[in-house]
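Protein chains in written order, with my numbering: chain E, 1 to 240; chain W, 1001 to 1343.
To be clear, the hints were calculated from the coordinates, so they are not data collected in a lab.
Note that CB positions come from ideal geometry on N, CA and C, so glycine has one too.
Mixed in with the good hints there might be a few duds.
[As the list claims (entries may be wrong)] Distance ranges between label pairs, derived from CB positions: (1) W/Glu1231 to E/Glu206: 48 to 56 Å; (2) E/Ala27 to W/Leu1027: 23 to 31 Å; (3) E/Ala29 to W/Gly1194: 51 to 59 Å.
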Amino acid sequence: MSAAALVLAETGDRLTRAEFDIPENVAFAIIAGLMLFSAVKMVTTSNVVHAALYLVIVLAGVAALFILVGSDFVGATQILVYIGAIVVLFLFGIMLTRARLGDDETVESERRTMGVVVGLLLFVVMAFALIDGYENTEIVFSEPNPVAYEPQSHQIDDLPTPVVDALGIVGPSSDEVLIDTPEFESLPPELQRRVPGAEVFGNNKEIADSIFSQYIVAFEAVSVLLLAALIGAVVVARKE
Amino acid sequence: MTVLSIELAYWQQTTLRVLGGAVAVLLPAGTLVYIYLFKLMSFVQSRLGPMEAGPAGSLQLVAEVGKAFQKEDIFPRKADRIVFAAAPFVVLMSTFLLVLVVPFGPDAWFVDLDTGVFFALAVSSVSVIGILMAGWASANKYSLLGGLRAAGQLIAYELPLVLAVMGVVIQAGTLNMQDIVLAQAEGEIFGWGGIGNPFILTQFLGFAIFLVAMQAELTQPPFDMPVAESELVSGYMTEYSGIRFLLFFIGEFATAGVFSMVAATLFLGGWWVPGIDPDSNLFNVIGPIVMFAKVMLVTLLIFWFRFTYPRFREDQLQRLAWKVLIPLSLLNIVITGVLKVAF
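The task is simple: from the sequences and hints, build the whole structure.
Given below as structure tokens:
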């Protein structure tokens, strides 16, 4: 979220009108405004269930922003894990114990000053980290995923019809044709990925590649940790 | 986007997509209610069903909707008004988000997300929030119990639902719904590509688990403990009346239709039928019709089970999910993975 805002703040005066992605930025402003409002309401409301529901709006806003910058995998994970599981569990717990309707006077509000201080500190640290890390990076919205391709021969039979049409290939269907790199690049992106042998590098692929090679140890460690927590929960629950 | 060689502006595309989404959600819902809920259910129970409104009762649905519109929109005095009023919309929103990723033809889709199936499963879990909101805000014990039961059930059956889809994703090698359809259309069974390779053949276990989990996610009988009328009146819907009850009602059957679209896409080849080149423009026209036919087939199974089996008990329901469906779907993933690597 902040990254996109920073890009606007840093480079806003350098962008020409054609480069400035208006629909995306309007959408960002609406989502961010809604998130800020809900975040403030979440900590100031005196009804616990309302607080959890405002949290849903904040988390849905985060997911929407992820989808807006093209990371739909992270966005969907955000929805599945946070809204579909964690907040549901919160609501479940609240409703089983103290689901009072209306304002609840016993909700603590004395430690608000401490909360404000912690929040400001976190904001400063994260803002510094983001400005430092993304100083001159521009976010490119909705760019097609890159496709890797080695020039190779194909049987015309194996090629999808639109590819054959687009390249103007003629001949008996059992013939072999060579599709070289310039020909491949002349295809529109939605056809490129359908040529046999072409490999699409999307977000999903990059995430999968880095999780199962570079971060495999961390990934396995987290899996074991979660399994331990699961078994622990069962043991604690069955203790009687 | 170009339709009939007219280049459409952004707002025109958006309007078209919104209209298309509304049709894709509401048309199957209405058809399901009339053909299956009114007529097939009557047939199963040896009665005629609605016969008065229109020929063979075909306008009964219009009458029902008209009745719901006329009724007073009642709020219980102690209810939390805003949450109570918003809850049906949250449930319906999850349905409309779900239809977004379903493809209806080679170029006929709403959004072509790379994470299609994953996104669909993620947004389908949002409806739990709406149900919990409705149960809590009604200020009624039965509603709250119904809401909690529904949440427990939906969480339990989300797991087999996700795990059953994993087999298809491993076999197709993609999460994108459009590419899953193409993988089935271009697939071959032992070198024979006559009918492609609809994943119901190789992933039959996955399909069966998906169907059972779907039945539970839709809280259709025999999984309707959250609205069990003999114990909980109508569960989280008890206090709702008029237009808001209608929204819950539409939500129930629209979600059945949209979930069946996802099932048809994953297991039955989606908009594709054997014999026609999947890249042919023809599919942009007949694709939605093919999809509709497949949806009616899947929902027939759902409603058949609904009319046939008595309701589960709460503990039987949880046992089925955790001790039968989840181990089976894990087994399915292991087998699919091994076969994928072996072949």
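Status of the hints after comparison with the structure:
For W/Glu1231 and E/Glu206, the hinted distance range of 48 to 56 Å is satisfied, since their beta carbons lie about 50 Å from each other. E/Ala27 and W/Leu1027 have their C-beta atoms about 29 Å apart, which keeps the hinted 23 to 31 Å range intact. Between E/Ala29 and W/Gly1194 the CB atoms are about 53 Å apart, so this pair conforms to the stated range of 51 to 59 Å.
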